[in-house]
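2 protein chains.
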Amino acid sequence: MTETTNPQVLLARRPAGEPVPEDFRLAEAPVPVPGPGEVLVRNRFLSLDPYMRGRMNEAKSYAPPVAIGAVMGGRCVGQVVSSAVEGFAPGQWVAGGEGWQHFSAVPAAALRLLDPDAAPPSAFLGVLGMPGTTAWVGTTEIAPVKPGETFVVSAASGAVGSVAGQIAREMGARVVGIAGGAAKCAFVTAELGFDACLDHRAPGFPEALAAACPDGVDVYFENVGGAVQRAVWPLLNPFARVAVCGLVSEYSAEPPPPGPNLREMMGKRLTLRGFIVGDHPRAAAEWRDTGARWLRDGRLKYREDVVHGLSRAPEAFLGLLAGRNFGKLVVALD
Amino acid sequence: MTETTNPQVLLARRPAGEPVPEDFRLAEAPVPVPGPGEVLVRNRFLSLDPYMRGRMNEAKSYAPPVAIGAVMGGRCVGQVVSSAVEGFAPGQWVAGGEGWQHFSAVPAAALRLLDPDAAPPSAFLGVLGMPGTTAWVGTTEIAPVKPGETFVVSAASGAVGSVAGQIAREMGARVVGIAGGAAKCAFVTAELGFDACLDHRAPGFPEALAAACPDGVDVYFENVGGAVQRAVWPLLNPFARVAVCGLVSEYSAEPPPPGPNLREMMGKRLTLRGFIVGDHPRAAAEWRDTGARWLRDGRLKYREDVVHGLSRAPEAFLGLLAGRNFGKLVVALD
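Keeping their order, the protein sequence lines are chains A and B. The numbers in my numbering rise by one with no breaks, and the one at position 281 of the first sequence is 296. The numbers in my numbering rise by one with no breaks, and the one at position 6 of the second sequence is 21.
Treat each hint with caution, since some may be false.
[To be verified] With beta-carbon atoms standing in for the labels, derived distance ranges:
| no. | chain 1 | residue 1 | chain 2 | residue 2 | range |
| --- | --- | --- | --- | --- | --- |
| 1 | B | Ala205 | A | Phe220 | 45 to 51 Å |
| 2 | A | Phe220 | B | Asp312 | 56 to 62 Å |
| 3 | B | Gly196 | A | Ala125 | 55 to 61 Å |
| 4 | B | Arg127 | A | Pro159 | 34 to 40 Å |
| 5 | B | Gly219 | A | Ala125 | 46 to 52 Å |
| 6 | A | Glu222 | B | Gly293 | 49 to 55 Å |
| 7 | A | Ser267 | B | Asn72 | 44 to 50 Å |
| 8 | A | Gly313 | B | Gly293 | 55 to 61 Å |
[Unchecked claim] DSBU-like cross-link-like pairs, simulated, lysine-lysine; straight-line CA separation at most 35 Å:
| no. | chain 1 | residue 1 | chain 2 | residue 2 |
| --- | --- | --- | --- | --- |
| 9 | B | Lys161 | A | Lys283 |
| 10 | B | Lys161 | A | Lys161 |
| 11 | B | Lys316 | A | Lys161 |
| 12 | A | Lys161 | A | Lys316 |
| 13 | B | Lys161 | B | Lys316 |
| 14 | B | Lys283 | A | Lys316 |
| 15 | B | Lys316 | A | Lys316 |
| 16 | A | Lys161 | A | Lys283 |
| 17 | B | Lys316 | A | Lys283 |
| 18 | B | Lys283 | B | Lys161 |
[To be verified] Which bits of chain A does chain B cover? Going by a derived footprint, with three or more residues having C-beta under 8 Å, they are:
| no. | region |
| --- | --- |
| 19 | 29-35 |
| 20 | 87-93 |
| 21 | 272-282 |
Because the hints were derived from the structure by calculation, they are not lab data. Given the structure is predicted, the values throughout are model-derived calculations rather than measurements. Ideal Cβ placement from N, Cα and C applies to all residues, glycine included.
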């Protein structure tokens, strides 16, 4: 059956604090007509990621905000519907679809054919995609960890954290995760093979974290901020490195909550670095090769949280900000 | 006239918040008798530096605290009184004297003969000593600045800041200082040759700083923290680097005041690094050579604030914490 319209999710208005469902609007547009050099793609999986919260704001950031009434931005994998461009044939799986919508007309140069032998297509949105590459950049370039050091990562069962911890383990570190709830923590230790995982919602979390890091913390891969950050901070060792990758617990707080006092930065000679994966263009291919190999070898595990149907994307995204997803959140665009 | 006692300043008690004169105590000890391999030094100049505030606390730091009743620690330059060690003769000027006191018995290995042609002896406590080396490490290793970038330094007329700004200028940066009061600012621009200097005590300081940095801030050399830090933060450019060298306005605050929110660290990909000059052992000689050459060439200027008499050291140190000194603070041990 030929699909005759392009369902979309638009940004209806800018959120005031925590986003709510009314900030989004479902719409239908005509299926786009590809221009010269473009390929029509039927998106099959849409990636939902915390960075999208920032794009909903007016404030200038490293990327322009989504305009009111525009399609929410996001990475998709999908299949070629029609193509006048050599090298792309109907049915092929590609990365490079864009937006919370079923169809994208994409310049061929922005598309990449997926390797069906490496992993299922949706994995290129998570473990082998932008989140996995983010973990790779953070652990190898931004805050490198040495064998025997203690590596702590928050949102440890999430798309980035789960990969970051496994890379650190492969680099010889002792790896301690922080996640929300007993089920996630059990997954992180039993399935991902972290040395320990602490539930930040459990009473006595700061003490439990300290007990799990008897030699202190050498690298902290920061995904959440807030109370979790405050628990990690006193445990940082001299010369510790902090990769500031995300602060998902703080994105909707206005004014921004205070950060850590910098006094300890001197005594402990800390290095804090914020980073964005897009600044490291060679890392994506590098990680795809490495990650695909580790997947084949069984050294790298991942878990997806798949929501079915574009109309459920807003609700799923709100759940992501609240930590209700369990694994890499993707929307199957059935 | 032979001096028969060793005047000293002891730590009388640990400060509660801001130190007060009663936290110190004047005392007299016998002139120390040098042991085997030691040299007796009559200290002539004592360096007073903000890091000493940290040593007055109980809290563990990178260096052990001064014990109650012990001599306050500090670097001195002075003259050899007596020596059984080859290479040291009475009257020679040396660096390596230790403590708020007139006499030190120092292992010869910890002494360094001063080059009387390079600069006056007291300069080896400031522009060519630990503060100058700190500026060198901060600007060349911790937060390197590139030609054409904007470099901002707080406490710009002080021992470290004045050198940091001049090094940055030599590296081709546009240099903006921040200092307390019009006289210091005038010195910083007219004598040190900074492009601009802002008085953080003047009304409208944040706006004036922004106006003085029309292209934003690429490197911030942080010496003070607090309100000055809050004014600089919004001006930081993407990929800006912050060398956290000192936070003199915050040392006595308990609990430590909040630091900057880390949200901007990601969008702006900031790098913050705390550092301690002692971790860079080769930098001291490197900077002594470079700094001495620049002094001879007239490219490097410095100013000393000399207080006469050991008994005035506590009062002078309290003034340093409050920004009442003007230039590198040294005590002439007359």
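The hints, checked one at a time:
1. Ala205/B with Phe220/A: 45 to 51 Å: violated (56 Å)
2. Phe220/A with Asp312/B: 56 to 62 Å: holds (58 Å)
3. Gly196/B with Ala125/A: 55 to 61 Å: Since glycine 196/B and alanine 125/A have Cβ atoms about 56 Å apart, the given range 55 to 61 Å holds.
4. Arg127/B with Pro159/A: 34 to 40 Å: This hint holds: roughly 36 Å between Cβ atoms.
5. Gly219/B with Ala125/A: 46 to 52 Å: holds (48 Å)
6. Glu222/A with Gly293/B: 49 to 55 Å: Violated - the Cβ-Cβ distance for glutamate 222/A and glycine 293/B, about 33 Å, lies outside 49 to 55 Å.
7. Ser267/A with Asn72/B: 44 to 50 Å: Since the Cβ atoms of serine 267/A and asparagine 72/B sit about 38 Å apart, the hinted range of 44 to 50 Å is violated.
8. Gly313/A with Gly293/B: 55 to 61 Å: violated (46 Å)
9. Lys161/B with Lys283/A: holds (27 Å)
10. Lys161/B with Lys161/A: Within the cut-off at roughly 30 Å; holds.
11. Lys316/B with Lys161/A: violated (43 Å)
12. Lys161/A with Lys316/A: Distance ~22 Å between lysine 161/A and lysine 316/A Cα, so the pair holds.
13. Lys161/B with Lys316/B: Given pair lysine 161/B, lysine 316/B holds - Cα atoms ~22 Å apart, limit 35 Å.
14. Lys283/B with Lys316/A: holds (32 Å)
15. Lys316/B with Lys316/A: violated (60 Å)
16. Lys161/A with Lys283/A: holds (18 Å)
17. Lys316/B with Lys283/A: Holds, because 32 Å separates the two Cα atoms, which is no more than 35 Å.
18. Lys283/B with Lys161/B: holds (18 Å)
19. 29-35: n = 0 at 8 Å, threshold three: violated.
20. 87-93: With 0 residues close enough to chain B, the hint is violated.
21. 272-282: holds (count 11)
In summary, the structure is inconsistent with hints 1, 6, 7, 8, 11, 15, 19 and 20 from the numbered list given earlier, while agreeing with the others.
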